[in-house]
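Engineer: As a plain string of letters, each chain reads:
There are 2 protein chains.
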Amino acid sequence: MKKINIGILGLGTVGGGTYDILRDNRDVIRRRTGVDYEVTRILEINQKAIEAHGVDPSVVTQNVDDILSAGDIDIVVESLGGIEPSSSWMLKALENGKNVVTPNKAAVAANYGKLKKAAEDSGVQIRIEACVGGGIPALTAITEALAGNVFTEVMGILNGTTNYILTKMGDEGLPYDEVLKDAQAKGFAEADPTADVEGIDVANKLSILMALAFDQYVPPQDIPTVGITGVTMDDIAAARDRGCKIKLIAKAAVAGDGGLSCEIRPMEIPLDHPLAGVNNEFNAIYITGNAVDEVMFYGKGAGALPTGSAIVGDIISIMRTEALK
Amino acid sequence: MKKINIGILGLGTVGGGTYDILRDNRDVIRRRTGVDYEVTRILEINQKAIEAHGVDPSVVTQNVDDILSAGDIDIVVESLGGIEPSSSWMLKALENGKNVVTPNKAAVAANYGKLKKAAEDSGVQIRIEACVGGGIPALTAITEALAGNVFTEVMGILNGTTNYILTKMGDEGLPYDEVLKDAQAKGFAEADPTADVEGIDVANKLSILMALAFDQYVPPQDIPTVGITGVTMDDIAAARDRGCKIKLIAKAAVAGDGGLSCEIRPMEIPLDHPLAGVNNEFNAIYITGNAVDEVMFYGKGAGALPTGSAIVGDIISIMRTEALK
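Sequence lines, in order, name chains A and B.
Each residue of the first sequence is one higher than the one before, starting from 1 at the first, in the UniProt record's numbering.
Each residue of the second sequence is one higher than the one before, starting from 1 at the first, in the UniProt record's numbering.
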């Protein structure tokens with residue numbers, strides 16, 4: 001049985017979830033892939049995280065080069081977050097012939113071209129399913145099962161925090177400020193919610209979706225973006241009167257002349273549109289292709305295990321590819 | 001550039017759709033895969049179909065062995081339908097070292113184990129994405145991107161004809177017989193609708209879903225199945241009073257003791273459940289896994305191009321695997 005060694009950079013929420021799935025679902029993953037694997041090294045300084053996940057201390061390192069430059073690591077999971085040093089570390093891992101899996105949308109949106117090229121030059125893969133929509137396997141669908149399509153439009157509800165806030169404003173009739181406080185208390189919103197409520201997180205995700213669906217790179221900061229801080233109860237009532245819900249929608253479409261348009265803003269979605277049924281912390285990606293027509297993927301856009309599911313799916317894909325080599 | 005030769009058995013609705021996508025999206029498929037391909041042989045006697053798709057007559061044969069036993073065919077698309085001779089022909093193709101792609105749910109539900117084993121013995125693939133949910137890439141998600149999960153439940157609206165009829169009964173207040181006639185006139189239901197309205201088509205699909213998600217084979221005829229012919233306007237009104245819609249639901253779940261339960265019958269779905277928003281001819285597959293939690297896939301469950309999209313996705317996956325060999 002082929003054996004794959006995995007190194008994990010960061011045992012935070014997502015890295016920890018990934019570790020737990022690899023441990024708990026080991027039998028089924030081995031049977032399905034015919035490949036054995038082991039997490040042989042983890043970069044982490046937080047002793048509580050190491051203990052919480054029951055990690056053997058001999059696996060833990062505080063030196064990133066023990067993973068990036070190790071001869072015996074096949075796959076590096078980069079689950080640290082932030083553009084740097086994550087991007088440089090992923091590049092180094094790829095240059096050293098290691099496959100990379102990451103949920104780091106900010107780093108990928110900023111440096112996808114460079115990362116992709118480094119992977120190609122080394123004959124390895126960088127896989128990024130967890131960057132958009134958490135556990136929802138939409139990116140893999142775009143690049144694999146739906147790859148026979150010319151895509152004409154992608155639309156999505158790509159941020160759970162803002163979708164939770166808009167859902168509560170609509171369902172419970174509470175204004176933005178009050179719902180935000182409640183969401184923060186429940187852990188659905190960060191203490192500093194700027195990246196979520198201003199659409200910055202969504203812009204990273206739409207940039208990645210466009211790169212994959214349309215093969216065109218638009219930097220996140222170039223996407224016209226309006227967050228949800230200006231949505232009032234009057235807006236929500238007016239939308240309801242028109243048979244609509246307000247959702248923070250990321251949208252990109254190819255025009256007849258081949259030009260690409262994109263925007264992120266609160267939009268009115270008719271109640272009978274499938275995206276109108278995507279509520280609370282759920283996410284969805286709605287894609288139109290010239291063969292498949294309209295298809296939608298729905299699920300949890302965040303969280304340790306859903307996001308870990310996407311990372312483990314990418315690891316499995318790499319294991320199967322390595323087994324063919 | 002690696003070159004793959006494709007043979008197609010049957011240029012009917014789905015075979016024809018597949019042929020059209022392979023021709024029309026050729027540039028984008030070549031660029032995405034780095035592999036070239038050609039449809040080098042088609043089994044078909046219907047001259048009108050051959051002309052309608054603009055097929056070069058030199059590609060057409062009436063002898064199936066020109067495809068199954070040809071030394072120069074890498075992938076066989078079996079788009080004839082029916083359990084036999086399709087199953088025997090797929091087995092022969094696999095035994096001869098050819099990859100097989102099929103939308104033939106009846107043949108796959110009857111013979112999945114045999115087909116899978118023949119593929120493994122020959123070191124090739126049988127891919128069946130188009131068997132369930134038309135263009136919706138749910139099977140690939142289960143076996144690939146979500147393969148890190150232990151699945152606990154699958155639920156689906158797996159038949160467009162019955163979903164169209166139930167939607168119209170609910171929306172327009174027309175009884176079953178009238179809606180069926182209208183659906184037949186519009187081409188959404190067959191002249192003999194038995195396989196659809198009695199749930200036989202759905203049973204084939206649920207059998208396949210269970211084989212992939214739970215690695216357990218339940219023959220379609222062993223699945224407790226109730227179709228939609230007994231659904232009355234009173235049932236629909238009573239469901240509405242309870243805040244529900246009636247949908248023909250296929251459901252399978254793993255019990256705590258590891259036992260598998262399954263059934264197909266009209267069920268009441270609460271209006272706030274994502275499956276309640278799946279209307280008309282659309283299909284959806286709703287899956288629960290121990291890592292990803294709940295995820296849903298939505299799209300067109302039938303039709304030449306959506307089903308062709310799934311077949312071409314499978315062809316692309318095989319081309320990428322062959323390119324690694």
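Calculated from the structure, these hints are not laboratory results.
These numbers come from a predicted model, not from an experiment.
Be aware that a few hints might be false.
One copy or two, either will do: identical chains are not told apart, so a pair holds if it fits within one copy or between any two.
Said to hold, decoys possible - In the DSS-like style, the derived pairs of lysine-lysine whose C-alpha atoms are separated by at most 27 Å in a straight line are:
hint	residue 1	residue 2
1	Lys114	Lys2
2	Lys3	Lys116
3	Lys2	Lys325
4	Lys48	Lys116
5	Lys325	Lys117
Engineer: Please write out, lowest number first, the hints stated earlier that are contradicted by the structure.
Structural biologist: Hint 4 alone not satisfied by this model.
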